[in-house]
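2 protein chains.
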Amino acid sequence: MTRPNIDASKLTTTLTQTPKELLDEKELKFGKYFTDHMLCIKYTEENGWEAPEIKPYGPLAIDPAAFVLNYSVETFEGTKAYRAADGTINLFRPDMNLKRLQRSAHRIMLPEFDEEQLLECIKELVKVDQRFVPKEHGYSMYIRPNFIGTEPNLNLQYSREALLYVYLSPVGPYFPRTVKLFANAKEARAWPGGVGNFKLGGNYAPAMRPAMEVVSKGYDQILWLLGDDHYVTEVGTMNFFIFWVNSEGEKELVTAPLDGIILPGVTRDSLLSLARQWGEFKVSERKVTMPEVVAALEEGRMLEAFGAGTACVICSVSEVLYEGRQLAIPVDPANPDAVFGPMTKRLRDELLDIQYAKTPSPWTIPIQDNN
Amino acid sequence: MTRPNIDASKLTTTLTQTPKELLDEKELKFGKYFTDHMLCIKYTEENGWEAPEIKPYGPLAIDPAAFVLNYSVETFEGTKAYRAADGTINLFRPDMNLKRLQRSAHRIMLPEFDEEQLLECIKELVKVDQRFVPKEHGYSMYIRPNFIGTEPNLNLQYSREALLYVYLSPVGPYFPRTVKLFANAKEARAWPGGVGNFKLGGNYAPAMRPAMEVVSKGYDQILWLLGDDHYVTEVGTMNFFIFWVNSEGEKELVTAPLDGIILPGVTRDSLLSLARQWGEFKVSERKVTMPEVVAALEEGRMLEAFGAGTACVICSVSEVLYEGRQLAIPVDPANPDAVFGPMTKRLRDELLDIQYAKTPSPWTIPIQDNN
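If you read the protein sequences in the order shown, they are chains A and B.
Under the numbering used here, the letters of the first sequence match residues 2 to 372, in that order.
Under the numbering used here, the letters of the second sequence match residues 2 to 372, in that order.
Hints listed in this document are in silico derivations from the structure and should not be mistaken for laboratory results.
Incorrect hints may appear among the rest.
Because identical chains cannot be distinguished in the list, a pair is counted as satisfied if it fits within a single copy or across any two copies.
[Claimed, not checked] Listed next, the in silico SDA-like pairs over lysine to any residue satisfying Cα-Cα at most 20 Å (straight line):
1. K43 - G59
2. K43 - P60
3. K27 - A186
4. K218 - N156
5. K187 - R210
6. K283 - L273
7. K187 - W279
8. K11 - K124
9. K30 - E162
10. K181 - A9
11. K181 - R132
12. K43 - D64
13. K30 - R161
14. K218 - T89
15. K181 - K346
16. K283 - V246
17. K30 - E152
18. K181 - N156
19. K33 - N156
20. K187 - P367
21. K346 - P135
22. K136 - G88
23. K359 - A86
24. K288 - A186
25. K27 - N156
26. K21 - D64
27. K33 - E152
28. K252 - K283
29. K30 - D64
30. K128 - E117
Everything numeric in this text was worked out from a predicted model, so none of it was measured.
Model the full assembly from the supplied sequences, consistent with the hints where possible.
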């Protein structure tokens, strides 16, 4: 007998009796303010997926011995809904996030789920809380699906019960300025044979203390280097891109390859696609080492560098501290006040125009309002 | 102003109205059955540690956006209470576990706590639920402290709210037989610059799928190898020991060093101490590679091998599958039915005699019963 999968047609909605007041959009900070409702879908090995529920946002009742609290059986995603100039709301490539959630869940023995049915439920949640989707350009509704193992059992097998839940946080622009990175070769975020390419909670907790240490030194995030050759992998919460004239004399946009070490970012994939469509320079996914970056800077071949991720979209990097040396990264030599390099800004503008549905694209998934 | 630390004198106890029936001790399985009560101690950055509470075991109310559910801000410990032949109850080196908890908590930005005051609260919890401490030799009460970040905030900084809670699970013997290990060099449990030496939840979830795969092939646990030289690090849930005649012709008990890769086990430390007290052979903490193990087997120098941890105590290893070869590890050549090698059994018996307070030792911490 096949156990039931997620079925959006069985979704029930219980509305809150105490709706929140909307915050002034200028006061929105990332991930501190949540909407009225959340989506919860329970799973048991015995009965499969239960009917999805939208209900008031509030605490989850979790057994003290649940897998999620003991062994970090948890994976999450981050995607966004954007309000277009005409007021309609669109998701951006949510299928990519749900595919990655599926892969992450599989890695830690969480059950398979129907991605399309989950997407229908998420659309419904955004519709229910649509009054929270910000109106201003650059603002958006951050969507956080979490998938956790809830069986109370200290045996290190796998969780036979699970909860997939989704909640929403309206957010403002993440990094409205350039960022300074601290290159870290001491700790390792990920490594060959590890799980750096999955969005598991367990990849994040160990990064917090190193991140807070670089913040206390005046840097924004860590640039994670790996191995003795100082392979440049990714930034704290972003993939890392370099735009340069490479050692062969070619103009090139380059980022780390999907080799199991780095997170396969949706923004990363989107920017590579856009740049490849332009066809104006080489676009590469390959390993670059920190000594190569230093050489490019010394030889005047570095043009721009930036981080990219769903939360921040894109932000230009203006400095990397590496082995005690403050390496200045060009942003826009023609404009000392620029917060984006010219190529970076062009990529960012094209991406935002798609996300805010100004440029038609198959990446844009509208949320139909039936009301 | 100093914020309050944990204060055992402020402990309050609320007893359950629905006490559980005791299970037949023969039915006890590891980590599936819990006692009537748990200990909960809340922390906020603003007000420090609140008064500890013992209350009925039951679900925790956790915000969907809590650090523990998103970024695996969670660490745990495992220690045990043993009932002596005279009925008294003793803890075994709980200070070692609480020190390790402190180190793990520090690594993921959880707040400092007073280890001695926490220990007093744990003793009180065991006293409250003392009827659950099994009477039979080999059985014990497993004690699980969990420490989790509870602040609802998706920003990757650190959790300004936390919960330290402790619960109890009466358990039977874990592995009453020899075990077969599957040597894994494909995935990596831990790596230089990682967090393998801390007891973080995030170290466990990624090990589940590889572990289930070896179980499906008829093996009990993974023997984790690291790097191109196949450094023998540890077993799924245990430290790994070899007793052999080494390549220098010396009789030696050897286990991996505390080099940041392996978990610093309390059982590991205790066994090294006992063997060093004997003074009968060399006792080493140093790196051993799998090719060295193969050579020792081929040259007839391997005497015994075993895993050691709080949950299992000690269990002899009878086989390692390595690169497709089934390597038979000697257990007790004089006794084909033995489940422990002679030296392994001697270590185990001495350790159990201390844990069950048959042999007096400063490692044994009695729980005074005031009733």
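Status of each hint after checking the structure:
1. K43 - G59: both (16 Å within a copy, 19 Å between copies)
2. K43 - P60: both (15 Å within a copy, 16 Å between copies)
3. K27 - A186: For K27 and A186, the Cα distance exceeds 20 Å both inside one copy (37 Å) and across copies (51 Å).
4. K218 - N156: For K218 and N156, the Cα distance is within 20 Å only across copies (19 Å; inside one copy 42 Å).
5. K187 - R210: within (13 Å within a copy, 28 Å between copies)
6. K283 - L273: within (10 Å within a copy, 58 Å between copies)
7. K187 - W279: For K187 and W279, neither the intra-copy (38 Å) nor the inter-copy (39 Å) Cα distance is at most 20 Å.
8. K11 - K124: within (14 Å within a copy, 49 Å between copies)
9. K30 - E162: between (33 Å within a copy, 19 Å between copies)
10. K181 - A9: neither (44 Å within a copy, 45 Å between copies)
11. K181 - R132: neither (36 Å within a copy, 58 Å between copies)
12. K43 - D64: both (14 Å within a copy, 17 Å between copies)
13. K30 - R161: Cα proximity of K30 and R161: across copies only (17 Å, versus 36 Å in one copy).
14. K218 - T89: neither (43 Å within a copy, 53 Å between copies)
15. K181 - K346: So K181 and K346 pass the 20 Å test inside one copy only (18 Å; across, 58 Å).
16. K283 - V246: This pair counts as within: shortest intra-copy Cα distance 10 Å, inter-copy 59 Å.
17. K30 - E152: between (34 Å within a copy, 15 Å between copies)
18. K181 - N156: Answer is between: at 18 Å across copies they meet the 20 Å cutoff, but 44 Å inside does not.
19. K33 - N156: between (34 Å within a copy, 8 Å between copies)
20. K187 - P367: neither (44 Å within a copy, 42 Å between copies)
21. K346 - P135: The answer is neither: 23 Å in one copy and 67 Å across copies each exceed 20 Å.
22. K136 - G88: Cα proximity of K136 and G88: one copy only (8 Å, versus 69 Å across).
23. K359 - A86: within (8 Å within a copy, 78 Å between copies)
24. K288 - A186: within (16 Å within a copy, 23 Å between copies)
25. K27 - N156: between (47 Å within a copy, 18 Å between copies)
26. K21 - D64: Cα proximity of K21 and D64: across copies only (17 Å, versus 29 Å in one copy).
27. K33 - E152: The answer is between: 10 Å across copies meets 20 Å, while 28 Å in one copy does not.
28. K252 - K283: So K252 and K283 pass the 20 Å test inside one copy only (6 Å; across, 61 Å).
29. K30 - D64: So K30 and D64 pass the 20 Å test across copies only (18 Å; inside, 31 Å).
30. K128 - E117: Cα proximity of K128 and E117: one copy only (17 Å, versus 52 Å across).
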